[in-house]
Amino acid sequence: MCLAIPVKIVSIDGDEAETEIAGVRRRVSIAFTPEARVGDYVLLHTGYAIGVIDEAEAEETLKLLEEIASLSEVH
Amino acid sequence: MKFIDEYQDSKLAKGLARKVAQRSTKTIRLMEFCGGHTHAILRYGIRQLVPKTVEMKSGPGCPVCVTATADLDKAIALTHLPDVIITTFGDMIRVPGSYSSLQRSKAEGADVRIVYSTIDAVEIAKANPRKSVIFIGIGFETTAPTIAASILKAQQEKIENFYVLSLNKLTPPVMKALLDSDKVKLDGIICPGHVSVIIGSHPYEFIPRDYGVACVISGFEPLDILLGIDKLVEQIEKCEPKVEIAYRRGVKPEGNTKARQLMEEVFEIGEANWRGIGIVPESGLKIRRKYEQFDADKAFSVTLKPPREPKGCRCGDVIRGAATPLECQLFKKVCTPESPVGPCMVSSEGACAAYYQYGTTENSPDL
Ligand code: SF4
Numbered sequence: 332m333c334l335a336i337p338v339k340i341v342s343i344d345g346d347e348a349e350t351e352i353a354g355v356r357r358r359v360s361i362a363f364t365p366e367a368r369v370g371d372y373v374l375l376h377t378g379y380a381i382g383v384i385d386e387a388e389a390e391e392t393l394k395l396l397e398e399i400a401s402l403s404e405v406h
Numbered sequence: 007m008k009f010i011d012e013y014q015d016s017k018l019a020k021g022l023a024r025k026v027a028q029r030s031t032k033t034i035r036l037m038e039f040c041g042g043h044t045h046a047i048l049r050y051g052i053r054q055l056v057p058k059t060v061e062m063k064s065g066p067g068c069p070v071c072v073t074a075t076a077d078l079d080k081a082i083a084l085t086h087l088p089d090v091i092i093t094t095f096g097d098m099i100r101v102p103g104s105y106s107s108l109q110r111s112k113a114e115g116a117d118v119r120i121v122y123s124t125i126d127a128v129e130i131a132k133a134n135p136r137k138s139v140i141f142i143g144i145g146f147e148t149t150a151p152t153i154a155a156s157i158l159k160a161q162q163e164k165i166e167n168f169y170v171l172s173l174n175k176l177t178p179p180v181m182k183a184l185l186d187s188d189k190v191k192l193d194g195i196i197c198p199g200h201v202s203v204i205i206g207s208h209p210y211e212f213i214p215r216d217y218g219v220a221c222v223i224s225g226f227e228p229l230d231i232l233l234g235i236d237k238l239v240e241q242i243e244k245c246e247p248k249v250e251i252a253y254r255r256g257v258k259p260e261g262n263t264k265a266r267q268l269m270e271e272v273f274e275i276g277e278a279n280w281r282g283i284g285i286v287p288e289s290g291l292k293i294r295r296k297y298e299q300f301d302a303d304k305a306f307s308v309t310l311k312p313p314r315e316p317k318g319c320r321c322g323d324v325i326r327g328a329a330t331p332l333e334c335q336l337f338k339k340v341c342t343p344e345s346p347v348g349p350c351m352v353s354s355e356g357a358c359a360a361y362y363q364y365g366t367t368e369n370s371p372d373l
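As given, the protein sequences belong to chains V and U, one line each in that order.
Each number in the numbering used here corresponds to the 1-based position in the first sequence with 331 added.
Each number in the numbering used here corresponds to the 1-based position in the second sequence with 6 added.
Take these hints with a grain of salt, some might be off.
[To be verified] Heads up, simulated DSS-like pairs for lysine-lysine below, C-alpha to C-alpha not over 27 angstroms straight-line:
| id | chain 1 | residue 1 | chain 2 | residue 2 |
| --- | --- | --- | --- | --- |
| 1 | V | K339 | U | K264 |
| 2 | U | K159 | V | K339 |
| 3 | U | K25 | V | K394 |
| 4 | U | K248 | U | K191 |
| 5 | U | K8 | V | K394 |
| 6 | U | K32 | U | K8 |
| 7 | V | K339 | U | K8 |
| 8 | V | K339 | U | K258 |
| 9 | U | K159 | U | K80 |
| 10 | U | K248 | U | K63 |
| 11 | U | K112 | U | K137 |
| 12 | U | K137 | U | K17 |
| 13 | U | K248 | V | K394 |
| 14 | V | K394 | U | K20 |
| 15 | U | K132 | U | K25 |
| 16 | U | K304 | U | K80 |
| 17 | U | K248 | U | K258 |
| 18 | U | K137 | U | K80 |
| 19 | U | K182 | U | K63 |
| 20 | U | K17 | U | K32 |
| 21 | U | K248 | U | K58 |
| 22 | U | K189 | U | K304 |
| 23 | U | K132 | U | K164 |
| 24 | U | K248 | U | K8 |
| 25 | U | K112 | U | K317 |
| 26 | U | K189 | U | K248 |
| 27 | U | K132 | U | K296 |
| 28 | U | K25 | U | K248 |
| 29 | V | K394 | U | K258 |
| 30 | U | K80 | U | K317 |
| 31 | U | K244 | V | K394 |
| 32 | V | K394 | U | K191 |
| 33 | U | K292 | U | K80 |
Rather than coming from a laboratory, the hints here were simulated on the basis of the structure.
Work out the full structure, taking the sequences as your base and the hints as a guide.
As structure tokens, this is what we get:
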């Protein structure tokens, strides 16, 4: 029930935004994420953006995961 | 899809699983609080990927599953009132109450509608001014702000026929209740990712401080969960329990202040009745007096017969992590997703439904 998926904001109109994921467009409320900008990814939960995804942190985590995978490689 | 596919990479997952195995020497027990995590853990065979030293338990993090039978009976009773439209999230509709279900009411002619969002429920109220539109408000902190927003919207737009039955629940207080009971001893908790988007990491701090239990907030893709397990194992091996965020792209330590403000504007904290756990103080959200005109509990009264639990169903134990679905005699035999006996088989996040769908012995199907 706490499912939330990352969707990309394509346009903003007041506290609503048009978002897109895998070609599907959806209008969502950005009342909880007034800082969201066009091009941002937000976590969409039951029609509301509950948070803006931090892309720098996302890359950081992936880098960390790649490091771990290569370090624990069995030679 | 961006921010999803990258976190499902099987090579990285295997690397991470190897690291967990290298690190782990102590036998430990972890609980994933959230039903979304339970679903993903079974779906991706994560229990088979982690070393034998790491035991994983499912927790109570499925709002549908923890709704008490008495509360469900109240929701069902509301459907019988004249001129009402009941609106609810989809999962609730099939959960058996003591004597009926929302679905049965609907089949018998009651106006029960599934909505995707509270926004839709308010729209239904606008479009049906002669009817009372009641939203069955279930959910944790992830969902509560959206329910608060619907009440604020109804107030702003002077929609006087919109009501909420607030059954919203809070996660840190029920974690405390679980830790206080001696039934389940835990070394670490995988904290819910999307609840934490709202509340941040601070509300869990009492857990390592008072109970010495490690806490890591994790996302929902397989790599997110493995990263969470890795950090938990590290904390436990070093005997340094704390609260860490392994879902940094989504969760900030301070959470979402705006969403919390709206939630606090509309709700005050009260007790809540949890299936399998009972009344937990300060674990529920009640509508403040200021907004009582929208409170279904105040606006409507229904008479209820004493609640009855489904016979033989062990959902209560499953929710507390005191039993696995496999220990329920009805599992797969009498109780299936097509004909569920208890809520843990209805919701796709319920442990019973996840065990049914993905089994427990198959090797990582998708990784
Ligand atoms: S398998 Fe069915 S009857 Fe058994 S605990 Fe789960 S939901 Fe209840």
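Hint by hint, here is what the structure shows:
Simply put, K339 (chain V) and K264 (chain U) have alpha-carbon atoms about 20 angstroms apart, close enough for the 27 angstroms limit, and the pair holds. The suggested pairing of K159 (chain U) with K339 (chain V) holds, with an alpha-carbon distance near 25 angstroms, which does not exceed 27 angstroms. With a C-alpha separation of about 15 angstroms, the suggested pairing of K25 (chain U) with K394 (chain V) holds against the 27 angstroms cut-off. For the hint pairing K248 (chain U) with K191 (chain U), the CA-to-CA distance comes to about 17 angstroms; that is within 27 angstroms, so the pair holds.
For the hint pairing K8 (chain U) with K394 (chain V), the CA-to-CA distance comes to about 15 angstroms; that is within 27 angstroms, so the pair holds. The hinted pair formed by K32 (chain U) and K8 (chain U) fails the criterion: a straight-line CA distance of about 36 angstroms is larger than 27 angstroms. Simply put, K339 (chain V) and K8 (chain U) have alpha-carbon atoms about 9 angstroms apart, close enough for the 27 angstroms limit, and the pair holds. Between K339 (chain V) and K258 (chain U), the direct Cα distance comes to roughly 20 angstroms. Compliance with the 27 angstroms bound is thereby established for this hinted pair.
For the hint pairing K159 (chain U) with K80 (chain U), the CA-to-CA distance comes to about 25 angstroms; that is within 27 angstroms, so the pair holds. As the CA atoms of K248 (chain U) and K63 (chain U) are separated by approximately 20 angstroms, the hinted pair is consistent with the 27 angstroms bound. Note on K112 (chain U) and K137 (chain U): the hinted pairing holds, with a Cα-Cα distance of about 16 angstroms set against a maximum of 27 angstroms. Taking the CA atoms of K137 (chain U) and K17 (chain U), the gap is about 56 angstroms. The hint is violated against a cut of 27 angstroms.
For the suggested pair K248 (chain U) and K394 (chain V), the alpha carbons sit about 23 angstroms apart, so the restraint of at most 27 angstroms is met. At roughly 15 angstroms between alpha-carbon atoms, K394 (chain V) and K20 (chain U) fall within 27 angstroms of each other, so this suggested pair holds. With a CA separation close to 55 angstroms, the supplied pair K132 (chain U) and K25 (chain U) exceeds the 27 angstroms bound. With a C-alpha separation of about 13 angstroms, the suggested pairing of K304 (chain U) with K80 (chain U) holds against the 27 angstroms cut-off.
Proximity of K248 (chain U) to K258 (chain U) is assessed by CA-CA distance (about 16 angstroms); at most 27 angstroms being required, the pair is judged to hold. This hinted pair checks out: K137 (chain U) and K80 (chain U) have alpha carbons roughly 19 angstroms apart, not beyond 27 angstroms. Pair hint K182 (chain U) plus K63 (chain U) holds up; C-alpha atoms about 16 angstroms apart against a cutoff of 27 angstroms. For the suggested pair K17 (chain U) and K32 (chain U), the alpha carbons sit about 26 angstroms apart, so the restraint of at most 27 angstroms is met.
Only pairs whose Cα atoms come within 27 angstroms are accepted, and K248 (chain U) paired with K58 (chain U) is accepted, the gap being roughly 24 angstroms. Distance check on the hinted pair: K189 (chain U) and K304 (chain U) sit about 37 angstroms apart at the alpha-carbon level, beyond 27 angstroms; violated. For the proposed pair K132 (chain U) and K164 (chain U), the alpha carbon gap of about 10 angstroms is at most 27 angstroms, so the pair holds. Between K248 (chain U) and K8 (chain U), the direct Cα distance comes to roughly 30 angstroms. Violation of the 27 angstroms bound is thereby established for this hinted pair.
With a C-alpha separation of about 24 angstroms, the suggested pair K112 (chain U) and K317 (chain U) falls inside the 27 angstroms cut-off, and the hint holds. At most 27 angstroms may separate the alpha-carbon atoms for a hinted pair to count; K189 (chain U) and K248 (chain U) meet this at roughly 23 angstroms. A threshold of 27 angstroms between alpha carbons decides the hint, and for K132 (chain U) with K296 (chain U) the separation of about 21 angstroms falls inside it, so the pair holds. Proximity of K25 (chain U) to K248 (chain U) is assessed by CA-CA distance (about 20 angstroms); at most 27 angstroms being required, the pair is judged to hold.
Under the criterion of a C-alpha separation no larger than 27 angstroms, the hint pairing K394 (chain V) with K258 (chain U) is consistent with the structure, at around 19 angstroms. Annotation: proposed proximity of K80 (chain U) to K317 (chain U) holds, straight-line Cα distance about 20 angstroms (limit 27 angstroms). Restraint check: the Cα-Cα separation between K244 (chain U) and K394 (chain V) comes to about 24 angstroms, which is no more than 27 angstroms; the hinted pair holds. Between K394 (chain V) and K191 (chain U), the direct Cα distance comes to roughly 34 angstroms. Violation of the 27 angstroms bound is thereby established for this hinted pair.
Distance check on the hinted pair: K292 (chain U) and K80 (chain U) sit about 16 angstroms apart at the alpha-carbon level, within 27 angstroms; holds.
Hint compliance for this structure: hints 6, 12, 15, 22, 24, 32 are not met, and every other hint is.
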